[in-house]
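Number of protein chains: 2
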Amino acid sequence: MRDKFFNPESIVVVGATPKGGKVGNTLLKNIISFQGKAKASVRISAVNPKYEKILDAKCYPSVLQIEEGVNLAVIAVPAISVPEVLEQCGERGIKNVVVISAGFKEAGREGAVLESELVRISDKYDLSVVGPNCLGIINTHAGLNATFGKATPPKGNIAFLSQSGAFALAVIDWSKAANVGFSKVVSLGNKAVLDECDFIEYLATDDETAVITLYLEDIREGRRFMDVVRHVTKTKPVVVMKSGRTEAGAKAASSHTGSIAGSSEAFSTAFQQAGVVEVNSIEDLFDFSLTLSRIRDVNGGIAIVTNSGGPGVMAADAIEEYGLELAPFDRETMEKLRDLHVANFYNPVDVMGDADAEKFKNALGVVSADENVGAIIAILSPTAPIEFDKAGDYVLELNDKKPIIPVFMGGETVMQPLERFKKHGITNYFDPVRAVKALCAVDKYRESREKVSAPPPYSKVDRKAIEKLIELRERKEAKMGIGVDGFKVLEAYGIPAPSYGKAETAEEALEIADRIGYPVSMKIVSPDIVHKTDVGCVNLNVRREEVKETFFKIMHRAEKYTSARRIEGILVQQMIEGGKEVIVGMKRDVHFGPLIMFGLGGIYVEVFKDVSFRIAPLSKEDAIEMIKSVKAYRILRGVRGEPMSDINSLVDVLLRFSQISMDFPEILEADLNPIKVFGHGKGCYAIDFKMIMGERK
Amino acid sequence: MRDKFFNPESIVVVGATPKGGKVGNTLLKNIISFQGKAKASVRISAVNPKYEKILDAKCYPSVLQIEEGVNLAVIAVPAISVPEVLEQCGERGIKNVVVISAGFKEAGREGAVLESELVRISDKYDLSVVGPNCLGIINTHAGLNATFGKATPPKGNIAFLSQSGAFALAVIDWSKAANVGFSKVVSLGNKAVLDECDFIEYLATDDETAVITLYLEDIREGRRFMDVVRHVTKTKPVVVMKSGRTEAGAKAASSHTGSIAGSSEAFSTAFQQAGVVEVNSIEDLFDFSLTLSRIRDVNGGIAIVTNSGGPGVMAADAIEEYGLELAPFDRETMEKLRDLHVANFYNPVDVMGDADAEKFKNALGVVSADENVGAIIAILSPTAPIEFDKAGDYVLELNDKKPIIPVFMGGETVMQPLERFKKHGITNYFDPVRAVKALCAVDKYRESREKVSAPPPYSKVDRKAIEKLIELRERKEAKMGIGVDGFKVLEAYGIPAPSYGKAETAEEALEIADRIGYPVSMKIVSPDIVHKTDVGCVNLNVRREEVKETFFKIMHRAEKYTSARRIEGILVQQMIEGGKEVIVGMKRDVHFGPLIMFGLGGIYVEVFKDVSFRIAPLSKEDAIEMIKSVKAYRILRGVRGEPMSDINSLVDVLLRFSQISMDFPEILEADLNPIKVFGHGKGCYAIDFKMIMGERK
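So the protein lines, in turn, are chains A and B. Counted the way the working numbering counts, the first sequence spans residues 15 to 711. Counted the way the working numbering counts, the second sequence spans residues 15 to 711.
These are calculated hints, taken from the structure and not from any lab test. Fair warning: there could be bad hints in the mix.
Identical chains share a label here; the pair holds if one copy fits it or two copies do between them.
To be verified - Derived lysine-lysine pairs resembling PhoX-like cross-links, with alpha carbons at most 20 Å apart: (1) K164 <-> K404; (2) K373 <-> K415; (3) K623 <-> K645; (4) K623 <-> K642; (5) K109 <-> K18; (6) K478 <-> K373; (7) K72 <-> K482; (8) K642 <-> K696; (9) K642 <-> K690; (10) K562 <-> K546; (11) K350 <-> K169; (12) K474 <-> K437; (13) K704 <-> K502; (14) K164 <-> K36; (15) K704 <-> K64.
Since the structure is predicted, the reported quantities are computational estimates derived from the model, not experimental observations.
Bound-form chain A, shown alone:
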């Protein structure tokens, strides 16, 4: 992404027209008028073979005729003509292009062909193209409004990227009334060339942008998104609303954008791992962005200073409900508060209804000096003695010491301070609960930044062994699961499993069982028999004297269900008794790749959906978090005096399993179910393993 994209010295509008109401007219008008307001010295020209001048801009038959260099072309010609214009831009050396025109991928097959043509030309000339089918771009700090909307948003430090042009339009229109200021606005359109990742990368280094705020309907390259965003969020918050999270939403979205729905777990997990602050409503999208644009850190608990008990209690409730903490005060603070004659000298501080602005200020001052306090929620009801103008000034004054979120509760009465707050980028809330939610977003962002995502530890693995197995399978064209060979996969990657062997004769079965030790389990191995237990082809707790008899019994039963040719033998396996059951699974998400799941077996997964997700590759910290973040972790930790389970062995299994999923993209799904885990130091065993293979890549 070139800097001239957002800061062009020369712009051309291709498809400009003097006819009012047309997109090509509004575009040019917006560019000229906002440029004027910003007093920028940008050359603006137009392209339309029918005119020599449009709205003061010199007009050319095509971009090829423009004498000077042009940094940015904004194209609003019919879709069919776009490739030709793009070709001319390439020839003319115009590297940055906004394609407003619709009628591409979103419009059906012919449009899709046009769009791939657009991509081809962009590649050929190395063009930076946003769109097609978009509203355009805005850079408030450079006086650039290359959109065809009616409004221009206020200046600010939030960069807003929207995959919906209509939503961008709505936000821009609303932003003035809501006083949400933007640094840049980008309508991403069809994301044929540039997508969210390109802009996020650029905005990460943009000094005018403090927060990157996105509305997304899909993500083009999931892995790249994670890599880019994980890096960016270390220094700049990224707030995302992704629609199509639910089944109903995804169905609506697919008919709208034609995008492939990945699983919502995968999106949320990817966002979390990349440090994104994810939101589910427009209100949160901008509340959180605004707060993060001025508060990056809350180092300590939250203090509440209020002139009315009720709203103070509301805030205290919300603080607990959203998982934040009320700051405890140190002794000095309490003594000072006592001297101020407030209702109490702990948190929330109630300066009482008869307090004036001075008393309010004094309490704020005392509280903000306390080291335990990370941020303050300052609540004022419109009592007679309080002078809001003064109180507002005090908030602005003390805000540098500790971030203050004002909750000035009123209408007319609080207008003046609210206007002043806005000028300083401070949002006032009527509802203390909204103030708390916004602080919660800051906390979430802090947590995500603290996460270290180390590369997964290397494990000595036998990759070749698995490759061989997979090749073998492919020749046999058996794509569903790999049965007994599954244990070879586990062995190759060092995942502990019960000792086993495949016997083709009763003698072999006895030999294997002797080697393993008694009792053993015996199971049929045949691709045709899936529900082995139901048809009597599984025997558990087999003793030495029963091995041969059991072999024949199982074989006999199996022959009722399949031909002898399709029976591979009998799996003789060590019996693992006791232990607690956990499940590790993997599904390959269409956007983000292997989504690893962890949970406790049986009811916990099935009924309580008590599972955790991470996208591979996992770091050791990821694996530990996955285990600890399920509610049933308490069962592993041991209840009623039981010993702690061997968590380290589970971490190791997760890491090795993650590595398999990374090394073999042809594995679409895999499950270790159950894994039996024993007390600390006693390890775990994967009792069963299933996988589903896709095309070899």
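Given the coordinates of chain A, assemble chain B onto it according to the supplied hints.
The following block gives chain B in isolation, referenced to the frame of chain A:
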């Protein structure tokens, strides 16, 4: 509550003053000026011995001198003088009184004495008194503003009761800007005489009130609240924000109001059972109230009509996330939509960015004619072709057919239709998610109305037996639990338990065991030995030949821990093996009485907090709901081919347990833990029973 309370023909302000800025001045001003605006003909007088006239109102030395009848006295004299004034009101026959003055219970011991004096006088003369320590009352429809705030709220059909005067002040100030209209506003103050129940009862029959909206910090009479509200919510929604829900909030609240915190489960359960729509934020409080004030019912699914895909998908996501349903369209609707040339002919309907207001109207018309549609969310982004004024008119026009929630997304651009919506009591949302949340509140209200709360079925019980046991216990002064006698309690109320007997000799033990059948369990009975298993005083699975030996062994061990005098004998009990474990518990809440809990034993309660609550007495429907609403209910229903557990027997136990808790207020806590339940028709057994007794009442 007398009707003249809110509709007085004659008002006196006691403590009126001509000094600007004083409460007694603002009060009188507000009363006079709002009266003037409302063009009402109400006589207004003042009481202050120093003046003969204040602000056009005739002034008397005391209420005793006023010649005409007075319906309402508003008192703003110092607390110490309030009892005298009240006494005079009583003498003078002024039945309705608003006590604005502070300095009562909230101000410490002396104030509390004054407050009980106030209550005594009110009782003596049968006065209706609101306050003390309150902001006053408003009736917008009668031109009554008896508050000392600066503003008067717009007229509307929401009655707002607030336990915080400051919060009422804030809401009134804000209401004009937010265009939230009120029928009545009441600042409840200390609730010394009239409390929320009195006003709710009155407002239930008030034609000008469609929704009753409350901010509460405590509830004075929990049982009465439930009785009153349960009745009112059948016809009128009651929306409540109760602060002090969390530990942090309750701590803050207790220092603020001095109220005793009940458990937050009890409050939420009581609200739910009474049909209250409970909210946790100010935003929801008024969003939900406003929506319920015009939409009482959504008979069918939700339809979305939008001119932009993105926001349509957001709404669809929210509909699923908040548990509502997208309406399926019938064939006719789909055909008509197809003819309209919209992007799709299912829900959400995307009329597309090039749609004008006519097309939008046509789509709305088609959708609102579909019987599957209960309500419509109408989303418009500010695209060039859409004329918002017209679109707004169409929404108003079609809103009579099916309730429409407009989501006109913009700032300036949408101002005109928004103003018109407001006049019709319709709220527009910029965020489709907020629109969905508001509809969700309507759905919640509908559900609560449909609940039938029948009285609990009568059970033949032996109340006397328990009374005798309790008396016995009291003489022994043993208040913690009632050990083996607990089984007698269960027996008396027909709760099934294992057969048992208490043996004092080895011979007796054998006799009892022979009667019960083998194997049996044997446990020491002694108030001194609590952890019986830990000290070897419990033996399970005892066979006939082991009974005597076990008797002596347990006795021998017990004697190490207590004197023979304190050993009551040995409990011989039927062994109940297998079955699934559930828990039924009761805690007596300080406000609402017996709070009954149900959950599945062990980990489900401890780790997942997967429990349900109801306040006794339970109806059969309550009991069934309690069982079905825990997540682990699936375990009772049977997983992996297991039979269904005997739910009927659990329902019966819940009802009988509820009855015990109602019949014996001296039982503070009780637990049936575990209850073992078997397959359908095979019943359940309470294996253990504990209770904690309080003072006899």
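Here is how each hint holds up against the structure:
| no. | hint | in the structure |
| --- | --- | --- |
| 1 | K164 <-> K404 | between (37 Å within a copy, 18 Å between copies) |
| 2 | K373 <-> K415 | within (18 Å within a copy, 55 Å between copies) |
| 3 | K623 <-> K645 | both (10 Å within a copy, 10 Å between copies) |
| 4 | K623 <-> K642 | both (15 Å within a copy, 17 Å between copies) |
| 5 | K109 <-> K18 | within (9 Å within a copy, 78 Å between copies) |
| 6 | K478 <-> K373 | neither (75 Å within a copy, 63 Å between copies) |
| 7 | K72 <-> K482 | neither (68 Å within a copy, 105 Å between copies) |
| 8 | K642 <-> K696 | within (19 Å within a copy, 40 Å between copies) |
| 9 | K642 <-> K690 | within (17 Å within a copy, 31 Å between copies) |
| 10 | K562 <-> K546 | within (19 Å within a copy, 50 Å between copies) |
| 11 | K350 <-> K169 | neither (41 Å within a copy, 45 Å between copies) |
| 12 | K474 <-> K437 | neither (59 Å within a copy, 73 Å between copies) |
| 13 | K704 <-> K502 | within (12 Å within a copy, 55 Å between copies) |
| 14 | K164 <-> K36 | within (12 Å within a copy, 50 Å between copies) |
| 15 | K704 <-> K64 | neither (68 Å within a copy, 94 Å between copies) |
The structure is inconsistent with the numbered hints 6, 7, 11, 12, 15, although it conforms to all the rest.
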